[in-house]
Structures are given as structure tokens and as C-alpha cells.
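Asks: Please take these sequences and the hints and turn them into a complete structure.
From first to last, the protein sequence lines are chains A and B. The numbers in my numbering rise by one with no breaks, and the one at position 314 of the first sequence is 314. The numbers in my numbering rise by one with no breaks, and the one at position 40 of the second sequence is 40.
If you are wondering where the hints come from, they were derived from the structure by calculation, not from laboratory data.
Since copy identity is lost for identical chains, a pair holds within one copy or between any two.
In silico DSSO-like pairs for lysine-lysine, Cα to Cα no more than 27 Å straight-line:
#1 Lys350 x Lys445
#2 Lys446 x Lys352
#3 Lys500 x Lys463
#4 Lys492 x Lys352
#5 Lys350 x Lys492
#6 Lys62 x Lys148
#7 Lys334 x Lys211
#8 Lys463 x Lys352
#9 Lys463 x Lys445
#10 Lys409 x Lys463
#11 Lys402 x Lys20
#12 Lys463 x Lys211
#13 Lys148 x Lys402
#14 Lys350 x Lys463
#15 Lys211 x Lys193
#16 Lys352 x Lys500
#17 Lys148 x Lys20
#18 Lys409 x Lys500
#19 Lys83 x Lys29
#20 Lys83 x Lys352
#21 Lys445 x Lys352
#22 Lys43 x Lys20
#23 Lys350 x Lys211
#24 Lys446 x Lys350
#25 Lys29 x Lys43
#26 Lys352 x Lys62
Values in this document were obtained by computation on a predicted structure and should not be read as measured data.
There are 2 protein chains.
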Amino acid sequence: MGSIDANNGAYTASPVAPFKSLDPEDFRKQAHRMVDFIADYYKNIENYPVLSQVEPGYLRSKLPETAPYLPESFENILNDIQKDIIPGMTHWLSPNFFAYFPATVSSAAFLGEMLCTGFNSVGFNWLASPAATELEMVVMDWLANMLKLPESFMFSGTGGGVLQGTTSEAILCTLIAARDRVLGEIGVENVGKLVVYGSDQTHSFFIKTCKLAGIFPCNIRIIPTTAEANFSMCPSALRKQIEADVADELVPLFLCATVGTTSTTAIDPVSLLAEVANEFNVWIHVDAAYAGSACICPEFRQYLDGVERVDSLSLSPHKWFLCFLDCCCLWVRKPDLMVRALSTNPEYLKNKRSELDNVVDFKDWQIGTGRRFRALRLWLIMRSYGIANLQSHIRSDVQMAKMFEGFVKSDPRFEIVVPRAFSLLCFRLNPLGGNNAICLELLNKKLLELINSTGRVYMTHTKVGGVYMLRFAVGATFTEDRHVYAAWELIKECTNALLKENH
Amino acid sequence: MGSIDANNGAYTASPVAPFKSLDPEDFRKQAHRMVDFIADYYKNIENYPVLSQVEPGYLRSKLPETAPYLPESFENILNDIQKDIIPGMTHWLSPNFFAYFPATVSSAAFLGEMLCTGFNSVGFNWLASPAATELEMVVMDWLANMLKLPESFMFSGTGGGVLQGTTSEAILCTLIAARDRVLGEIGVENVGKLVVYGSDQTHSFFIKTCKLAGIFPCNIRIIPTTAEANFSMCPSALRKQIEADVADELVPLFLCATVGTTSTTAIDPVSLLAEVANEFNVWIHVDAAYAGSACICPEFRQYLDGVERVDSLSLSPHKWFLCFLDCCCLWVRKPDLMVRALSTNPEYLKNKRSELDNVVDFKDWQIGTGRRFRALRLWLIMRSYGIANLQSHIRSDVQMAKMFEGFVKSDPRFEIVVPRAFSLLCFRLNPLGGNNAICLELLNKKLLELINSTGRVYMTHTKVGGVYMLRFAVGATFTEDRHVYAAWELIKECTNALLKENH
Chain A
1 MGSIDANNGA YTASPVAPFK SLDPEDFRKQ AHRMVDFIAD YYKNIENYPV LSQVEPGYLR
61 SKLPETAPYL PESFENILND IQKDIIPGMT HWLSPNFFAY FPATVSSAAF LGEMLCTGFN
121 SVGFNWLASP AATELEMVVM DWLANMLKLP ESFMFSGTGG GVLQGTTSEA ILCTLIAARD
181 RVLGEIGVEN VGKLVVYGSD QTHSFFIKTC KLAGIFPCNI RIIPTTAEAN FSMCPSALRK
241 QIEADVADEL VPLFLCATVG TTSTTAIDPV SLLAEVANEF NVWIHVDAAY AGSACICPEF
301 RQYLDGVERV DSLSLSPHKW FLCFLDCCCL WVRKPDLMVR ALSTNPEYLK NKRSELDNVV
361 DFKDWQIGTG RRFRALRLWL IMRSYGIANL QSHIRSDVQM AKMFEGFVKS DPRFEIVVPR
421 AFSLLCFRLN PLGGNNAICL ELLNKKLLEL INSTGRVYMT HTKVGGVYML RFAVGATFTE
481 DRHVYAAWEL IKECTNALLK ENH
Chain B
1 MGSIDANNGA YTASPVAPFK SLDPEDFRKQ AHRMVDFIAD YYKNIENYPV LSQVEPGYLR
61 SKLPETAPYL PESFENILND IQKDIIPGMT HWLSPNFFAY FPATVSSAAF LGEMLCTGFN
121 SVGFNWLASP AATELEMVVM DWLANMLKLP ESFMFSGTGG GVLQGTTSEA ILCTLIAARD
181 RVLGEIGVEN VGKLVVYGSD QTHSFFIKTC KLAGIFPCNI RIIPTTAEAN FSMCPSALRK
241 QIEADVADEL VPLFLCATVG TTSTTAIDPV SLLAEVANEF NVWIHVDAAY AGSACICPEF
301 RQYLDGVERV DSLSLSPHKW FLCFLDCCCL WVRKPDLMVR ALSTNPEYLK NKRSELDNVV
361 DFKDWQIGTG RRFRALRLWL IMRSYGIANL QSHIRSDVQM AKMFEGFVKS DPRFEIVVPR
421 AFSLLCFRLN PLGGNNAICL ELLNKKLLEL INSTGRVYMT HTKVGGVYML RFAVGATFTE
481 DRHVYAAWEL IKECTNALLK ENH
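Replies: What follows is the structure, encoded as C-alpha cells:
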């Protein structure tokens with residue numbers, strides 16, 4: 001901030017003193033205070049209801065209608081956070097959070113994020129932040145190595161990786177690369193011929209992303225899955241669909257396979273699907289948002305078998321790699337195709353490095369222009385913990401899920417609906433071993449509501465193959481055996497109450 | 001993290017002790033250490049070369065090829081940041097950074113970001129984080145009030161606002177909303193008829209975003225601007241183009257007007273352009289990424305005149321509202337259109353609140369699903385500083401730019417190429433008052449290289465209307481009068497050296 005020019009009447013009339021938005025010593029004091037606030041929040045997090053119990057509109061009535069004209073004190077604001085914000089939080093970091101997929105965190109990632117914020121570098125091209133670009137290249141190769149990806153996905157080989165915010169963005173970028181490659185051959189006027197493929201278990205953003213990219217809604221193919229195949233995509237069903245589309249003179253473009261679907265962590269058979277897709281020159285993307293992190297352990301790596309035949313792969317470290325939001329790793333085999341589709345070259349960003357040295361300008365690997373120094377988080381995670389601890393972290397979560405699986409198996413009123421693959425268990429209450437889907441759905445809905453209304457745990461549901469089921473996703477960072485055990489006790493307690501009431 | 005099951009051979013064989021990725025007390029200690037690291041960085045930031053002086057590939061040779069198997073100490077990592085990362089940074093927060101547009105910051109926003117990271121809530125829908133959704137609604141209304149936007153853009157009125165990462169994402173969302181509204185009427189097979197409009201000064205992401213959304217490249221109209229009109233878009237040229245397109249049976253869809261273009265902060269006449277666009281039912285978006293923040297001051301608000309006639313407006317607080325990356329505010333007059341185009345409704349996210357209470361689920365206002373609690377940053381900024389200080393912040397930057405303008409005017413070897421509107425000055429060296437564009441470009445390129453190679457300031461260039469010019473963008477958070485003065489001294493010094501050498 002500049003000093004205020006005393007000769008200018010407009011400024012001397014200002015009701016506030018000369019303003020510094022960041023004085024290093026004030027910053028230091030307040031940031032220390034915030035560290036303690038957050039550390040205390042973590043210490044007490046178990047005491048808050050996991051699922052917020054507020055009613056819609058609760059906050060508007062508490063806050064003024066307009067921003068204040070004059071400053072307010074930091075202590076007042078902190079008090080309001082405690083009083084007004086925290087009760088409205090659904091505490092994703094609570095050890096009793098078993099909903100959706102956990103969003104895992106770590107001290108190392110927090111420190112990396114502080115540093116990323118602190119530098120506030122805007123790494124749209126190499127020159128604007130060489131360290132940001134180069135560290136991102138290094139960590140993407142490191143993680144690719146941990147996952148035993150082929151050289152064709154690494155900068156040290158012939159490909160490369162980039163950090164995105166969300167899987168949606170990652171898939172949009174690859175889809176556009178695939179689309180523009182084909183449209184370059186058949187002409188943009190044939191966009192209505194392009195066909196994309198997912199299964200009924202592919203994440204909901206897939207259809208949304210395809211529509212964003214201008215794929216005709218009638219050309220989005222959803223291959224049905226079955227319980228018999230554990231809700232994985234069937235390669236022969238894919239082949240049939242592609243052959244039918246080719247027969248209709250359509251152009252198969254893009255396949256999204258999933259390793260660890262959102263509902264049940266189903267695993268599409270990458271290798272077999274790639275065999276089909278390769279034959280028809282279809283771009284194949286593997287979405288391993290959640291389960292990809294597990295593949296750093298040898299015992300899970302098999303689920304990526306065939307990855308050497310795919311075109312791109314994404315994985316979200318904010319899900320199961322201790323990373324905080326938001327961070328999605330995307331590796332591509334042919335970065336040139338993506339850069340060709342996404343590059344811009346305005347005069348005001350032109351520079352010798354980009355023109356002569358052939359450096360990586362990550363703005364051409366993403367939707368937007370500006371970008372943060374996200375690589376710091378991953379670098380700090382990998383260095384602070386090492387591969388050994390990161391594997392141990394995955395195994396420990398899986399172990400807790402196994403423990404929970406044992407509990408469920410031990411109670412004949414429950415059944416496991418889908419075999420457990422990672423740290424999510426899908427089960428339902430079925431006390432009489434019945435088959436009436438409607439009754440069982442109602443019963444399990446009631447049970448879930450009862451459990452969540454206690455605020456003691458938070459779980460969610462899904463419905464797959466017509467079956468309504470409860471999801472118990474283990475892995476929130478603070479979760480220990482005792483929380484899993486207590487959750488199971490609560491589930492039984494609520495079940496007893498519910499079954500008694502129904503009699 | 002769970003405890004390790006001693007009965008399982010695989011785990012007892014682990015070379016590391018049971019692993020906790022976030023112990024609150026370790027977290028506290030390390031985060032305090034990082035606060036000091038960052039505060040010290042800010043204290044010393046003036047001592048670093050603004051523009052990094054490293055060569056491409058500098059980092060790879062310094063770092064190991066793979067992640068470590070065992071943990072490394074925090075102190076070692078901090079040392080490496082100082083030793084390996086900082087020399088590769090282009091220091092965006094340096095008071096001597098006058099390149100691009102500054103990315104402004106503040107203590108309040110840093111604290112808000114810490115809290116956002118700390119909570120790590122994933123606010124895809126209301127239920128998943130009520131406070132995150134509701135606070136975002138409140139701060140978007142607060143900021144809309146400060147900008148004197150009409151009620152039709154506020155939740156307290158009939159519209160609403162949402163936080164996005166970048167302007168590209170904001171424009172993509174509105175473009176899709178506009179596109180799908182029209183395609184709903186004319187059929188998706190007519191996508192090749194849709195035409196979009198920008199000027200030759202519209203940000204480069206506009207063309208990229210339109211291509212992403214499947215607009216045919218041949219239907220992206222770039223209205224030429226002129227120096228006489230200060231590079232603003234000409235409403236009558238727009239009208240002519242639209243009329244020609246209508247005559248060709250094309251469908252005018254979307255206009256991107258800019259308040260404060262990236263090259264020269266040119267200001268498109270929103271009101272006059274909206275008059276044309278409204279007549280043809282064209283969606284008009286105003287991109288005020290940089291200059292929008294200035295419109296909280298009455299003396300700049302005029303540049304938003306006519307906003308009551310547009311469909312959407314975006315502004316990036318990470319540019320000039322002290323916010324750190326990444327944060328872009330998007331207001332829309334008809335959220336329903338956006339929600340219709342962007343909503344998803346997978347079973348695993350279904351909940352009573354979304355179904356019965358008609359709450360806002362922000363996942364339907366953006367590209368991705370997951371989202372961070374970004375509103376905290378804006379809330380802390382507005383409360384910690386108040387409108388008075390935020391206005392003073394804008395005025396102080398403009399005042400410094402005026403001071404620099406005075407310096408340039410005082411030296412007959414220089415000329416101002418575009419009249420200054422905000423805190424950016426576009427000027428060039430033209431010692432003989434010549435007209436030879438090629439010679440002058442070479443001369444100014446050399447001058448810029450000379451200036452930047454000192455590491456003492458960082459400036460960038462642009463080329464508009466065939467004229468190569470230097471950009472001096474004032475407003476980095478630590479910049480004071482003395483830095484602007486020193487920069488001018490350096491520019492004169494380099495100019496003297498250059499002109500001497502050329503003689």
C-alpha cells in the first residue's frame with residue numbers, strides 16, 4: 001500500500017488511518033492466533049455433532065445485511081466463527097465422519113498450503129513462477145513412480161502430469177483434447193457424430209462434463225452394470241455398443257473407466273476395456289479419484305493393470321492422499337494434444353522462455369489461466385512421510401474397514417450388499433432376509449436418518465442395481481479403531497430402537 | 001488413522017512406527033514455525049530478485065528422481081525451500097512487482113484461507129456444509145451491495161452470486177447456461193449457428209472458453225478496436241456484426257464485455273453494448289476481473305453503469321481485493337438457467353434439504369462437484385478492513401499510478417500510449433518522437449529486458465493497435481511510493497545506458 005498524499009483532500013477526509021493490508025508483524029501475531037484456533041478445533045472436533053443440525057437460512061438472520069463501513073476486531077471475528085460458523089459446519093474432519101468419501105488431511109499438506117498461499121505466485125507460464133512449474137513436474141513424476149505408471153506418463157519419459165482442481169476439470173481437458181483431435185480430421189460440423197462412453201456407475205460429473213464440451217446428449221452412452229459383475233463396466237457390452245455406433249456411422253470418441261466408483265468403489269477392468277477402446281481409437285481416461293491413492297501399495301496396484309494402454313489417468317490426492325482440497329492429479333500420454341486444444345498465446349504473456357526454450361506453460365494444460373503453487377502440498381506430503389508411511393496410511397484405513405466388515409458380518413440382521421474392495425463398506429439392514437425392495441429401502445432410510453440425527457456419526461447412502469444401501473466410508477484423518485467400534489455400537493443401538501418401534 | 005493390528009504380519013513388518021498424519025500438538029508446533037517462515041519471507045521479500053533468474057530445468061537436477069521411502073525432517077524441508085524453491089520464484093508479492101496485474105493479499109485473507117483449509121469442508125451441496133453455502137450467499141450479497149449492483153443480482157433480490165476459481169470457469173458456466181437455453185429452443189443440432197462476440201481486447205481465455213463449450217471457431221466474432229476509442233468495443237460495430245449474422249441465419253448468443261482489459265484496462269461501454277445485446281436477446285457477460293474492485297469507490301462506479309441490463313458479471317478479488325488466489329465472484333441474474341444447465345442429481349448426494357427445502361446447492365453453479373469454503377476469505381477481508389479501508393486501498397494504488405504517470409510525463413523521451421484509467425500505465429520510450437513501429441518495438445523490448453535483468457523490478461509489455469508498449473501495473477500489496485520512485489529511477493538509468501550504447 002502506498003502512503004497517503006496529504007495534498008489530496010479526498011484522502012485526508014478518509015475516516016480511517018493510512019491502511020496496510022499486510023504488515024509482517026501484525027500478520028505474524030494474527031496467524032499464530034489462527035494456528036492455535038485451528039489446533040484447538042482439531043483437539044475438540046470430536047465434541048461437535050458431525051452433521052450440522054441447523055435449519056436452512058440460519059446464518060442470514062445472524063449476520064448484518066451489508067459489510068461494515070469501519071473495521072472490526074480480529075477477536076470479534078474469531079468469536080463469531082466459533083458462535084455462528086462452527087454450528088453450521090458439517091465436520092468433514094470429524095473422526096466420526098463416514099459419509100461420501102473422506103477428505104483426508106495432514107500437517108504436511110497444511111504447511112504446504114500455507115506456503116502456497118504465502119507465496120501467492122501465479123504460475124500460468126514457466127517464467128511467471130519457474131519453481132512452481134518445475135516442482136509440479138517433479139512431484140507428478142514422483143507420484144507416477146509410486147503408482148508404477150509407465151514412462152509414457154512421465155516428464156522423464158514422453159508424457160507428463162498436471163495438477164487440476166477437480167476431476168471434472170481434468171476430464172474436461174482430456175475430453176477436449178480428444179474431441180479436437182478427431183474434429184481436426186472429420187470437421188467441426190460433424191460434432192454431432194461424436195460418441196462418449198461411461199457406465200451407470202461413472203461419476204455424475206461425466207455426463208455434465210460431456211455436455212459442457214458440446215457432446216450431443218443423445219450421444220452419451222451409459223453402459224448398464226450388474227450386481228453379478230460387482231457393478232463394473234462390461235468390456236463386451238462396451239464393444240457391442242461401439243460396434244453399433246460405428247454401424248450407425250457415428251464416431252466413438254472417449255471412454256471414462258473408473259477405478260473405485262463413487263457409490264460402491266466398483267473397479268472397471270481397465271486392461272480389457274482398453275483393449276476394446278484401443279481397437280476403435282477411442283481415448284480412454286481412467287478416473288481413479290478415490291482408489292488411485294491405494295495403488296501406491298503393491299497389493300492394490302493390480303487395479304491399474306492395463307494403464308499402459310490408456311490415454312489419461314486422474315487421481316485426487318484430496319480424497320485419500322492426505323492433501324486437503326482441492327487437488328486432482330492428471331497424467332496424459334500425449335500432452336501435445338492437450339496443449340494444442342487448450343493453448344493461448346496473448347501478446348502480454350509472450351516471453352523468450354516460452355518461445356525459445358520450449359518450457360512447460362501449465363496454462364495450456366488447464367481450463368483457466370491463473371494457477372496456484374499446488375505442488376508444494378504434494379511435495380511436503382511425500383517428503384514428510386515417505387512412501388512407507390503413506391502405504392501404512394492406506395493399509396490402516398483398509399484395516400479399519402475390514403474390522404467394520406467383521407462387525408456387520410457378525411450380526412445376522414445385516415447383509416453386505418457389495419463386496420468390499422477398499423475402505424468403503426456397502427451394507428443394509430435386512431432383519432428378516434426379505435426381498436421387498438421398497439420395504440427395505442424405507443427401513444434403511446429410517447435407520448440412516450435415526451443414526452445421523454444423533455450427530456454422533458455421519459453416514460450416507462446410495463442406490464445401485466435397485467438396491468438402497470448404507471455406505472460406511474472409513475478414512476477421516478482422525479478416525480481410530482475406537483470410532484469405528486463406537487459407530488457400530490450406535491448403528492446397533494439405532495437398529496434396536498427402530499425394530500422395536502416397528503413391532 | 002487407525003491403530004495398527006499387531007496380528008497382521010504385513011503391518012508389523014512396516015519399517016515405520018504407527019503413523020498419525022495430523023497430531024494436533026505436532027500440527028500446532030509446525031504451523032507456528034511456518035507462520036514465522038512466511039512472516040520472515042515478507043520482511044525480506046524486497047531483497048530477492050523480483051523475476052527469478054534461474055534457467056529452465058534448474059530444479060530437476062537438484063531434486064532426487066523419486067520420493068523418499070522414509071520420512072524427512074521438517075527442518076530439512078524448510079531449508080530446501082529456502083535453498084531450492086525461493087531462488088526459482090518470481091516474487092509476485094515483491095513491492096517491486098509491476099508486471100501483469102498484481103495479485104493482492106492481506107492478513108485477513110490469509111487467516112480466512114487458513115481457516116478454509118483447516119475446516120476442509122467440501123460444500124458441494126447445502127447439507128454437506130450449511131455454513132459454507134450460507135456464508136457464500138451472504139458475502140456475495142455484501143459485495144454486490146458495495147458495488148451497487150441491482151437487486152436482480154442478489155439473493156436478497158431475484159438473482160445470486162457464487163465463488164469460482166477463475167474467470168474462465170465463470171464465463172464457461174454462463175456461456176453454457178446461455179447456450180443450453182437457446183439450444184433448448186432451436187435444437188442441439190443447430191449448435192453450429194450459435195455466434196459469440198468479444199473484442200480484440202477481450203482476454204485470451206474467451207476464445208478458449210468458447211471452443212471448450214463447443215462454439216464453432218468460425219462463429220467466434222472478434223470486434224476490432226481502435227486507439228481513437230481507447231481500445232474499447234464499439235457498440236455500432238457490434239450491431240453491424242450481429243445484424244450481418246442474423247441476416248446469415250445465424251443465432252447471436254453471447255457477448256463478453258470487459259471493464260478493464262488485460263492489456264491496457266480499456267473499458268467497454270456496458271450500457272451501450274447492453275442496449276444492442278438486449279435487442280437481439282444476446283446474453284451479456286461483463287468481465288471486470290481487475291477493475292471491478294475499483295467500482296466499490298463512487299468515483300469509479302460509473303464504469304458499471306448499465307449493469308442492470310446485463311445477464312452476468314464477474315470480478316476476481318484475487319486481483320485487486322486483497323484476496324490471494326484463487327477467487328472469482330460471479331453474479332447472475334437468472335440462476336435457474338445456470339442450474340438447469342449444470343445440475344446433477346446422483347443418488348448418493350440426494351437428501352431431504354435439497355429436495356424439500358429448496359436450498360442452494362452450489363455444485364449446480366459450477367463445473368466441478370467438490371468446492372472449498374472460499375467465502376471465509378472475503379468475509380474476513382470485508383469485516384477486518386471495512387468498506388472505508390477497502391476504498392482507501394484502491395485509491396492509494398491509483399494515487400501511486402498517478403504519481404508514476406507524472407514521472408513519465410515529465411521526461412520528454414517517453415510517451416504515454418493509452419490514457420490511464422486505473423492503476424496501470426501503458427507507455428513507451430520514444431526519444432526522437434519517431435513513428436517507426438519496428439524500431440520503437442526493438443528499442444522498448446531492449447529497455448524492458450535491461451530493466452528486468454537487474455532483478456530490481458519486474459514489468460511486462462503488451463502490443464495493442466500495432467504499438468509495442470511497456471506496462472507499469474501498480475498495486476502489489478507491499479508497494480509504497482518509494483518503490484514506484486525507485487522503479488522510475490531504474491527505468492531512467494536503463495534508458496540512459498541503452499541510449500548511450502545506441503549512439
